[in-house]
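Undergrad: Each chain, written out:
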Amino acid sequence: MAYPYTHPSEVRVLSKYFGDPEARTLKGWEQRGGYKAARKALGMDPAAVTQVMKDSGLRGRGGAGFPTGMKWGFMPKKEAGKPHFLVCNADESEPGTFKDRELMRWTPHALIEGCIVGCHAIHAEHCYIYVRGEFFEASQVMAIAIEEAYAAGYLGANAMGSGKPIDITLHIGAGAYICGEETGLLNSLEGRRGEPRIKPPYPAIAGAFRFPTAVNNVESLIAAAHIIENGAEWYKQWGTEKSTGTKLFCVSGHVKRPGNYEVPLGFNFKEFIYDVCGGTPSGRPIKAVIPGGSSVPILTGDELDIGMDYEAMAAAGTMLGCGSVIVMDDTVNIVKAVRRMVDFYAHESCGQCTPCREGTAWAAKILRRIENGRGEPDDLDTLLAISDNMSGKTICVLSDAAAAPIVSSIQKFRADYEALMPAGKPALAGASSVGAPIGVR
Amino acid sequence: MADPAPNPETVSVTVDGMTLSVPKGTRILDACAMAGVDIPHYCYHPGLTAPAQCRMCLVEVEKSPKLVAACTGTVAEGQVILTESDNALKAREGVLEFYLVNHPLDCPVCDQSGECKLQDYVSAEGPAMGRSKEPKRVLGRDDFGGDVLFYADRCVMCTRCVRFMREVAQDERLTVVQRGHRNVIDTFFDEGLDGNLWADNIVDICPVGALVSKDFLHKARAWDLDRSPSICPNCSQGCNVRLETRDNQVMRIKPRPNPEVNAHWMCDYGRLNYEWINRGARIEAPLVRDGGRFVPVSWSDALTRLAEALRSTAGESRAVVSPFAANEDLGLLRRVMDATGGGTGVFRCETGGEVVLPGFPTLALRRDRAANVAGAEVFGFTRVGDGDGFGGLEESAYFTGKLFVLGDELADAPVGFGAGASLFVYVGHFMSPAARNAHIILPATTFAEMEGTFTNVQRRVQRFWPAIQAPGMSRPAWQILGVLLAGISETSAVATAADAFSVLGQVAPREFGALSWADLGQTGSILGGAFAEAGD
Chain A
1 MAYPYTHPSE VRVLSKYFGD PEARTLKGWE QRGGYKAARK ALGMDPAAVT
51 QVMKDSGLRG RGGAGFPTGM KWGFMPKKEA GKPHFLVCNA DESEPGTFKD
101 RELMRWTPHA LIEGCIVGCH AIHAEHCYIY VRGEFFEASQ VMAIAIEEAY
151 AAGYLGANAM GSGKPIDITL HIGAGAYICG EETGLLNSLE GRRGEPRIKP
201 PYPAIAGAFR FPTAVNNVES LIAAAHIIEN GAEWYKQWGT EKSTGTKLFC
251 VSGHVKRPGN YEVPLGFNFK EFIYDVCGGT PSGRPIKAVI PGGSSVPILT
301 GDELDIGMDY EAMAAAGTML GCGSVIVMDD TVNIVKAVRR MVDFYAHESC
351 GQCTPCREGT AWAAKILRRI ENGRGEPDDL DTLLAISDNM SGKTICVLSD
401 AAAAPIVSSI QKFRADYEAL MPAGKPALAG ASSVGAPIGV R
Chain B
442 MADPAPNPET VSVTVDGMTL SVPKGTRILD ACAMAGVDIP HYCYHPGLTA
492 PAQCRMCLVE VEKSPKLVAA CTGTVAEGQV ILTESDNALK AREGVLEFYL
542 VNHPLDCPVC DQSGECKLQD YVSAEGPAMG RSKEPKRVLG RDDFGGDVLF
592 YADRCVMCTR CVRFMREVAQ DERLTVVQRG HRNVIDTFFD EGLDGNLWAD
642 NIVDICPVGA LVSKDFLHKA RAWDLDRSPS ICPNCSQGCN VRLETRDNQV
692 MRIKPRPNPE VNAHWMCDYG RLNYEWINRG ARIEAPLVRD GGRFVPVSWS
742 DALTRLAEAL RSTAGESRAV VSPFAANEDL GLLRRVMDAT GGGTGVFRCE
792 TGGEVVLPGF PTLALRRDRA ANVAGAEVFG FTRVGDGDGF GGLEESAYFT
842 GKLFVLGDEL ADAPVGFGAG ASLFVYVGHF MSPAARNAHI ILPATTFAEM
892 EGTFTNVQRR VQRFWPAIQA PGMSRPAWQI LGVLLAGISE TSAVATAADA
942 FSVLGQVAPR EFGALSWADL GQTGSILGGA FAEAGD
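So the protein lines, in turn, are chains A and B.
Just so you know, we're using this note's numbering here: the first sequence kicks off at 1 and counts up by one.
Just so you know, we're using this note's numbering here: the second sequence kicks off at 442 and counts up by one.
Check the hints yourself; a few may be wrong.
Cross-link-like lysine-lysine pairs, in silico, BS3-like; alpha carbons within 27 Å at most [as the list claims (entries may be wrong)]:
{"#": "1", "chain 1": "B", "residue 1": "K558", "chain 2": "B", "residue 2": "K507"}
{"#": "2", "chain 1": "A", "residue 1": "K270", "chain 2": "A", "residue 2": "K336"}
{"#": "3", "chain 1": "B", "residue 1": "K655", "chain 2": "B", "residue 2": "K695"}
{"#": "4", "chain 1": "B", "residue 1": "K465", "chain 2": "B", "residue 2": "K507"}
{"#": "5", "chain 1": "A", "residue 1": "K365", "chain 2": "A", "residue 2": "K336"}
{"#": "6", "chain 1": "A", "residue 1": "K236", "chain 2": "A", "residue 2": "K199"}
{"#": "7", "chain 1": "A", "residue 1": "K365", "chain 2": "B", "residue 2": "K577"}
{"#": "8", "chain 1": "B", "residue 1": "K531", "chain 2": "A", "residue 2": "K365"}
{"#": "9", "chain 1": "A", "residue 1": "K78", "chain 2": "A", "residue 2": "K199"}
{"#": "10", "chain 1": "A", "residue 1": "K199", "chain 2": "B", "residue 2": "K507"}
{"#": "11", "chain 1": "A", "residue 1": "K54", "chain 2": "A", "residue 2": "K36"}
{"#": "12", "chain 1": "A", "residue 1": "K365", "chain 2": "B", "residue 2": "K574"}
{"#": "13", "chain 1": "A", "residue 1": "K82", "chain 2": "A", "residue 2": "K199"}
{"#": "14", "chain 1": "A", "residue 1": "K242", "chain 2": "A", "residue 2": "K54"}
{"#": "15", "chain 1": "A", "residue 1": "K256", "chain 2": "A", "residue 2": "K270"}
{"#": "16", "chain 1": "A", "residue 1": "K54", "chain 2": "A", "residue 2": "K236"}
{"#": "17", "chain 1": "A", "residue 1": "K199", "chain 2": "B", "residue 2": "K695"}
{"#": "18", "chain 1": "A", "residue 1": "K199", "chain 2": "B", "residue 2": "K531"}
{"#": "19", "chain 1": "A", "residue 1": "K78", "chain 2": "A", "residue 2": "K164"}
{"#": "20", "chain 1": "A", "residue 1": "K242", "chain 2": "B", "residue 2": "K507"}
{"#": "21", "chain 1": "A", "residue 1": "K336", "chain 2": "B", "residue 2": "K465"}
{"#": "22", "chain 1": "A", "residue 1": "K270", "chain 2": "A", "residue 2": "K54"}
{"#": "23", "chain 1": "B", "residue 1": "K558", "chain 2": "A", "residue 2": "K336"}
{"#": "24", "chain 1": "B", "residue 1": "K531", "chain 2": "B", "residue 2": "K507"}
{"#": "25", "chain 1": "A", "residue 1": "K164", "chain 2": "A", "residue 2": "K27"}
{"#": "26", "chain 1": "A", "residue 1": "K199", "chain 2": "B", "residue 2": "K465"}
{"#": "27", "chain 1": "A", "residue 1": "K236", "chain 2": "A", "residue 2": "K270"}
{"#": "28", "chain 1": "B", "residue 1": "K558", "chain 2": "B", "residue 2": "K655"}
By construction, these hints were calculated from the structure, which means they are not laboratory data.
Treat the numbers as computed from the prediction; the structure is a model and nothing was measured.
Let the sequences and hints guide you as you build the complete structure.
TA: Next comes the structure, spelled out in structure tokens:
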């Protein structure tokens with residue numbers, strides 16, 4: 001198939017029909033075995049659906065890696081007159097991430113199936129798909145697919161003849177990163193400012209419109225449908241013990257073949273970048289890799305011989321996140337890259353919490369000053385102190401996400417900062433608080 | 442401190458080493474306050490929802506992986522709360538440093554200086570030096586309409602103002618626009634706070650100098666003000682207030698919390714209507730008419746003459762009283778009238794539309810625009826006149842018996858008012874053309890210069906305290922009348938407001954009989970009688 005590029009090492013489960021325009025239609029999807037999962041799920045006891053998810057070990061693909069079955073298991077017992085909601089988080093906005101967009105563009109009916117499975121498992125009759133505002137094409141494809149599914153009776157008052165109503169509403173966001181945070185998303189969905197809520201209560205207790213709600217990522221829901229169709233054991237054939245199954249990775253930056261790749265979790269990261277993605281186009285050495293989206297600590301080019309799973313990434317001091325791999329070769333000054341990321345977080349902070357509102361903007365200003373050759377000797381100390389004061393102090397983790405690249409870049413790419421310092425003002429401060437710099441080139 | 446039989450309704454917590462028992466569900470912030478520990482906070486206000494966004498109230502709770510926001514966290518059995526641990530102090534110092542990144546530090550020209558929570562917390566817990574070298578955000582000043590000015594640069598984005606307008610005033614006129622560090626409080630298009638009667642409360646609850654009152658702008662420094670507990674005199678709601686004074690002038694009125702009456706709030710009409718308290722040209726000495734002119738005399742001369750006149754003048758009395766007079770003033774006047782042949786009395790009161798505060802509907806700007814209409818009625822004075830507080834003097838003007846005027850300035854009195862009275866006693870604050878016919882004029886203090894009580898529309902009796910010094914020889918009317926009473930009957934002289942209050946039980950036993958001065962405290966007591974029983 002001609003989807004930009006596929007590699008023999010891939011295991012294409014979710015991405016099998018990428019590049020196949022016929023898979024977008026209901027007819028084409030059914031010819032490819034579609035809607036079996038949804039039909040099967042609707043014939044099962046909802047508790048059994050959740051149990052299969054628990055058995056499969058599927059972990060949420062939105063970034064945090066929280067087990068999907070456990071999340072569904074937190075939903076309270078269904079009471080009459082108190083609706084439950086399923087919300088599909090399709091507000092994919094993490095810099096470097098473009099897997100949900102492709103899943104929706106090519107396999108919209110797979111997501112509808114996933115939503116039917118999820119709704120059934122949690123006793124929800126209504127699912128909202130919250131799509132990132134900039135995803136024009138993806139949301140149009142989704143809208144057409146939902147119309148087709150309604151026309152076929154797969155959605156509506158009697159979904160797939162099950163006697164159960166399942167409705168899907170497509171909600172288009174207005175372009176805010178923070179609305180990808182699940183409670184910010186819920187506020188936005190309700191028409192409020194997209195500001196994350198204080199937890200507890202968690203969405204399972206008081207979510208959309210204060211009713212019990214499960215918020216799941218696009219990839220998680222599609223994987224859930226595959227698991228229902230084929231069984232938990234089938235899914236566990238891939239991956240590691242704690243990170244089961246396959247995962248989509250979005251690769252951008254200095255690689256020969258950027259794009260989406262689906263590999264089993266635990267795949268060797270170095271092999272992935274050098275073989276699957278082809279290494280750097282210029283053949284220059286890789287300086288840094290962000291493995292899971294801009295919110296995670298940066299790895300150096302020497303730290304890549306690890307598994308692409310939640311545990312191995314954590315052991316390496318970073319996170320798998322949502323699988324957004326950004327590769328930088330040695331022509332990149334990391335300070336510029338980090339400044340660009342921190343600018344993004346300063347722009348996208350909702351501004352509720354003081355440490356995030358003020359800290360992101362302050363750090364961005366300092367980084368820009370350093371980038372422009374006007375750094376001061378104590379700037380790195382200040383940046384580390386700001387990062388510390390921003391971490392773990394706020395309602396959501398946007399502020400922690402902004403701090404992660406600052407801290408890891410100062411720890412690992414100190415030379416890049418020093419190179420930008422004006423002559424006679426070496427950035428010597430800060431060494432004591434971060435220990436010996438790692439991976440300086 | 443092991444409790445042998447733990448109460449199921451309470452939990453035991455330890456705050457900085459002090460173990461105490463608090464009701465279940467208590468906010469950590471309140472539990473700390475009970476232990477005598479004030480937790481710094483901006484966004485939390487007891488009259489509003491808690492968004493936990495300022496991150497100023499972070500405290501350490503043992504076994505909790507992260508610091509906890511004390512405003513939304515609730516206590517749990519056995520919880521160990523550390524407000525002064527290294528982690529908690531460092532977090533709060535960090536937040537304060539963040540606030541100062543863009544704060545203009547214009548304290549020398551800021552009205553809030555001296556009562557500013559940013560100043561207070563930074564001086565208590567903040568860093569000695571901020572590390573920011575970056576240019577500050579500059580937004581300037583905005584007129585929000587009504588009495589409110591907005592200095593955006595001073596704002597700490599606690600959103601108390603937005604939440605007050607949304608939750609309490611229930612008139613959403615403010616919002617947060619933009620996001621992140623570009624966040625700013627703003628009005629909707631050109632529609633500001635104009636026309637909302639409660640908007641000045643946002644000036645009170647703004648923890649910094651972002652929202653300031655145009656009326657008070659640059660008028661006084663907070664540290665130069667003296668603050669006295671009082672009752673707003675401007676309507677019959679009886680909001681608990683502080684009169685804030687400088688150089689014996691009331692500079693502003695601020696609400697004082699009373700959950701039974703006004704919670705934390707008061708209306709702009711009441712708050713901004715204070716200049717009359719500062720009015721000069723007062724009567725400063727007792728005056729007796731000697732032929733065509735008034736001669737100042739000592740209090741003992743004045744009251745001796747008056748007592749003699751009262752003893753020698755038979756017949757009924759007629760009184761015109763002010764609904765701004767205290768219960769004690771009115772009760773003692775009634776007592777004096779009862780002791781000298783009895784009589785009738787009237788009062789006049791300006792009225793206007795009632796405006797309820799939706800988020801706290803027992804608070805309203807009341808129809809009667811005077812503090813003690815209920816008190817006047819309890820002591821048997823009847824309402825006359827129109828909604829502007831004028832008219833209704835026909836029967837009093839040409840009364841031929843003993844005529845008392847207490848506090849009413851008689852601005853609209855007909856020529857010759859009181860000329861036919863056998864004895865005309867004018868107890869008041871200001872000279873008035875109608876007082877020219879008085880035989881004796883006695884200078885009384887206003888509510889702001891004396892102790893006393895008002896009875897509000899809920900029939901709650903509430904104390905007020907003197908805030909400014911009385912001019913010249915003026916005395917509280919209850920004291921004047923109490924001394925007079927001792928001169929004409931077998932009672933001991935009234936020396937204090939408590940003495941005067943105790944007389945009220947004799948004048949109106951059903952209403953005041955069961956109340957004691959000591960029990961009134963800061964929140965007041967409800968009158969006895971049918972109304973209270975029906976209400977209970």
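Undergrad: Could you run down the list of hints and mark each one as holding or not?
TA: Each hint, compared with the structure:
| no. | hint | in the structure |
| --- | --- | --- |
| 1 | B:K558 x B:K507 | 25 Å, holds |
| 2 | A:K270 x A:K336 | 24 Å, holds |
| 3 | B:K655 x B:K695 | 14 Å, holds |
| 4 | B:K465 x B:K507 | 22 Å, holds |
| 5 | A:K365 x A:K336 | 12 Å, holds |
| 6 | A:K236 x A:K199 | 32 Å, violated |
| 7 | A:K365 x B:K577 | 11 Å, holds |
| 8 | B:K531 x A:K365 | 23 Å, holds |
| 9 | A:K78 x A:K199 | 22 Å, holds |
| 10 | A:K199 x B:K507 | 13 Å, holds |
| 11 | A:K54 x A:K36 | 20 Å, holds |
| 12 | A:K365 x B:K574 | 9 Å, holds |
| 13 | A:K82 x A:K199 | 21 Å, holds |
| 14 | A:K242 x A:K54 | 12 Å, holds |
| 15 | A:K256 x A:K270 | 14 Å, holds |
| 16 | A:K54 x A:K236 | 11 Å, holds |
| 17 | A:K199 x B:K695 | 36 Å, violated |
| 18 | A:K199 x B:K531 | 23 Å, holds |
| 19 | A:K78 x A:K164 | 14 Å, holds |
| 20 | A:K242 x B:K507 | 26 Å, holds |
| 21 | A:K336 x B:K465 | 52 Å, violated |
| 22 | A:K270 x A:K54 | 30 Å, violated |
| 23 | B:K558 x A:K336 | 38 Å, violated |
| 24 | B:K531 x B:K507 | 13 Å, holds |
| 25 | A:K164 x A:K27 | 23 Å, holds |
| 26 | A:K199 x B:K465 | 20 Å, holds |
| 27 | A:K236 x A:K270 | 23 Å, holds |
| 28 | B:K558 x B:K655 | 20 Å, holds |
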